[in-house]
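2 protein chains.
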Amino acid sequence: LDKQKFDQFDAMFYPNSVAVVGASIDKINPGAVFLKALLDSSFEGEVYPVNPAGSEIFGVRCYPKVSAIPNPVDYVLISVPASSILETLEDCAAKGVKVAQIFTAGFRELGTAGYRLEEEMAKIGHKGKFRIFGPNCLGIYNPAINFCSWGNLPVAKTGPVAIIAQSGGVAFRTVNAGLAHGIRFSRVISYGNACDLDSTDFLEYFAADPDTHIICLYIEGVRDGKRLMELLREVGKIKPVIIWKGGRTKAGAEVTASHTGSLAASYSVWESLSKQVNGVQVENLNELIDTLLGFYYLGEFKGHSLGFVVGFSDGGGSDSVAATDIFSSQGFEIPPFSATTRSHLQSSLPLAGTIMRNPLDAGFYAAVSGALDKILTVLSDDPGVDLIILQEYLYEMFGETPWKELVKYVNDTFLQLRKKQSKPVVVISAPGFPTTQEEWKIEQRLIAARIPVYPSLERAAKAISNVSQYFNSRDLDENQ
Amino acid sequence: LDKQKFDQFDAMFYPNSVAVVGASIDKINPGAVFLKALLDSSFEGEVYPVNPAGSEIFGVRCYPKVSAIPNPVDYVLISVPASSILETLEDCAAKGVKVAQIFTAGFRELGTAGYRLEEEMAKIGHKGKFRIFGPNCLGIYNPAINFCSWGNLPVAKTGPVAIIAQSGGVAFRTVNAGLAHGIRFSRVISYGNACDLDSTDFLEYFAADPDTHIICLYIEGVRDGKRLMELLREVGKIKPVIIWKGGRTKAGAEVTASHTGSLAASYSVWESLSKQVNGVQVENLNELIDTLLGFYYLGEFKGHSLGFVVGFSDGGGSDSVAATDIFSSQGFEIPPFSATTRSHLQSSLPLAGTIMRNPLDAGFYAAVSGALDKILTVLSDDPGVDLIILQEYLYEMFGETPWKELVKYVNDTFLQLRKKQSKPVVVISAPGFPTTQEEWKIEQRLIAARIPVYPSLERAAKAISNVSQYFNSRDLDENQ
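Residue numbers (this note's numbering), protein chains in the order written: chain A, 1 to 480; chain B, 1 to 480.
A partial selection of chain A residues facing chain B, derived with a Cβ cut-off under 10 angstroms:
(1) Gln166
(2) Asn286
(3) Asp325
(4) Phe327
(5) Ser329
Just the calculated beta-carbon pair ranges, DEER-fashion:
(6) B/Lys3 <-> A/Ser343: 53 to 59 angstroms
(7) A/Ser343 <-> B/Trp440: 41 to 47 angstroms
(8) B/Gln437 <-> A/Lys226: 47 to 53 angstroms
It is worth saying that the hints were derived from the structure and are not from the lab.
The beta carbon of each residue, even a glycine, is placed where N, CA and C say it ideally should be.
Construct the complete structure from the given sequences, taking the supplied hints into account.
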């Protein structure tokens with residue numbers, strides 16, 4: 001990626017000043033919502049409302065047009081009716097802005113006239129030497145400068161995850177769910193109809209971006225499929241790209257046409273191509289988030305041999321069967337424990353003589369103080385176990401422990417364990433119920449120990465398999 | 001099913017008196033847990049502790065053996081060490097009990113000696129003219145008489161669902177999750193290693209039972225596979241049987257051997273046979289519960305044409321694509337609305353000129369008072385829509401409505417709608433977050449209107465497809 005292009009993206013993600021065009025003076029329209037969120041957020045750059053109808057919005061001076069703003073403007077958020085877009089972009093060109101984001105929808109997704117209008121828009125940007133993303137997009141979230149173009153997100157640290165999403169809904173939901181599960185982001189972009197900048201541009205940028213180590217990509221269509229595959233091949237060698245392709249069915253592809261105006265190629269062609277380039281393909285938003293959790297918390301996990309512990313509360317006979325069925329369907333092994341591990345378990349746990357199977361039925365030891373620590377330590381020391389998985393309702397895993405002690409116990413057990421060794425640990429909550437507030441707090445403690453919590457065996461198995469397959473394929477490629 | 005056999009089962013499910021053998025006098029062992037739960041429950045039958053070591057447990061008179069109890073004993077719950085089982089059963093025979101449930105584990109699942117012991121146990125029952133279920137099982141839940149052999153469940157009405165589960169964990173979790181989602185049960189049984197009574201016996205009983213309309217079956221193995229298939233074929237003509245087979249992989253099947261001593265046949269043979277008999281096969285506990293919700297709330301749903309509404313909060317572009325991809329992968333159609341429906345939507349909603357697509361993006365109308373009612377009414381009247389599905393975070397579906405009004409609104413909108421017409425409605429919560437307590441309360445209101453709530457598009461699609469496939473196959477069979 002050349003320096004000039006990188007600088008363009010820097011203006012997009014790190015604007016010093018933002019103009020919001022189309023916030024209403026007297027009612028709540030989308031522009032006003034975006035403006036208010038920016039003003040209320042911790043973003044420290046300048047924010048300029050633009051609307052010829054008034055002199056002030058939310059107590060901030062309002063300008064009649066972008067070119068009337070006396071100071072430099074890096075980023076313009078445009079939320080005016082489609083009919084005023086070209087005029088607004090010409091004004092941006094006159095002002096010499098660096099980048100324009102168009103929220104307004106109703107272009108190529110409505111047909112040929114909209115498509116032509118998008119071509120005009122791109123031309124104005126090209127002539128005016130600024131880049132455009134959208135139309136029909138939510139824009140950007142950059143936690144490094146607390147900049148979010150679609151809402152006032154909580155202040156959060158930056159992290160290694162970038163999102164490139166053609167849909168604002170996917171960007172928005174992935175960011176919210178990610179933040180709730182302890183995921184931190186480098187930069188996020190929703191780019192909509194892609195009249196100018198497209199997924200390939202952003203992929204190029206995040207490939208080169210040293211802050212980004214995991215990329216999530218939601219696309220419905222792409223202008224240059226060949227270039228996308230070349231890029232995915234290159235990026236896949238150094239960073240995982242989790243790809244959710246909207247419109248994988250014929251019926252779904254028809255809907256993408258009316259969402260982002262995307263014309264989809266056959267999904268089977270897409271699927272086989274992106275497999276060749278080691279793209280991590282997912283089929284829905286939950287799988288996207290689950291897989292992201294895996295890449296985020298499990299490190300470069302390539303293992304296939306699991307040490308499973310189930311049934312803390314009520315015995316885990318059927319859990320053992322279900323865990324084995326579901327994880328072995330995804331290519332994992334749950335092999336018998338080694339003689340050493342069995343003897344260590346037997347000598348450190350009080351019920352000598354119990355068969356120490358894998359999955360280990362922890363129901364036998366539920367009432368034994370410190371049993372979980374001991375089991376975890378022994379399995380951590382077993383070189384035949386690549387990953388430790390515990391399955392139980394979170395509130396039952398810790399028995400009758402009162403809340404305050406429980407937090408301490410989780411901290412002591414898991415944080416200490418993670419300090420001593422690097423073997424990854426995963427917790428799976430047993431199915432059937434909504435999460436309680438207390439369990440949600442336990443999850444936050446586990447996340448602090450870099451232990452992801454999955455809501456079901458099947459979702460965990462798929463996500464962990466996605467992670468392991470990616471790193472194994474990457475190794476294979478490297479050795480060829 | 002002959003009268004004599006039916007009476008045997010009645011004694012099992014409707015005991016007038018229960019003896020608990022093996023509750024400890026001075027410490028909490030499983031027998032004591034079961035005894036305490038029975039004593040604390042609303043079960044009105046007699047409960048007799050049996051233990052030669054004392055004269056009283058939990059303040060209740062204790063007998064040295066079953067045959068020492070002066071009154072009749074219908075049901076014996078046995079939780080003594082494996083080595084005392086035969087002696088206890090001989091005593092049950094001497095007393096003339098009607099049925100014995102053996103909780104104790106450690107028989108055929110440990111090998112040949114245990115298998116022989118089970119044969120002895122069955123012989124004693126046969127000779128003594130009483131039936132045995134177990135060993136290695138949790139037993140029975142019959143809400144009609146508040147009888148639960150494994151714990152003190154909340155008092156709940158009876159309902160149309162029976163569970164036959166080889167594993168106690170599956171019975172226990174399905175009952176708990178079911179009760180939480182408004183499901184009500186006729187009778188539930190966990191039968192373990194099946195030394196005497198097996199899945200086929202229970203299936204025969206529930207096939208004939210007029211209270212039972214939906215059957216859930218969890219099995220790891222079966223003595224008489226041919227008989228099971230014959231029965232499934234017969235039952236499947238009148239009642240859906242949701243079947244989860246534990247041990248569908250080679251590795252999982254090995255685990256079933258050490259769980260309930262089951263020796264599994266090949267899963268592919270099993271799968272194709274049970275498809276032939278119109279068994280509703282599921283692969284994990286969540287799918288079991290989801291499918292049960294579908295049968296419970298959707299009636300005899302055979303449709304394939306969906307009216308979808310998405311994006312209440314933030315616009316539903318990608319939701320429309322995802323809903324279409326996921327549901328059309330399961331064989332459903334989301335066809336364009338009829339001209340009549342479009343014109344009714346246009347005339348009853350304020351944003352004339354909006355394209356009325358299916359899925360309908362409700363984001364346009366989010367702020368419009370009463371929009372949801374109008375949309376629901378129009379889709380209910382459309383004969384081309386078999387099922388209405390709404391997808392959104394529950395707390396966002398109703399916008400900024402305060403809690404008290406919200407309850408009223410949900411009641412008014414959905415309960416009224418359901419009174420006016422019989423078209424089923426499903427709600428799907430958007431992914432990414434744990435359920436909040438408020439959402440859980442909204443779910444309870446929706447359930448009261450017989451509207452099930454699913455946690456994701458993919459789980460809803462699979463469950464609803466299971467329901468529709470069952471009834472369509474049944475129709476085909478009837479017409480052949």
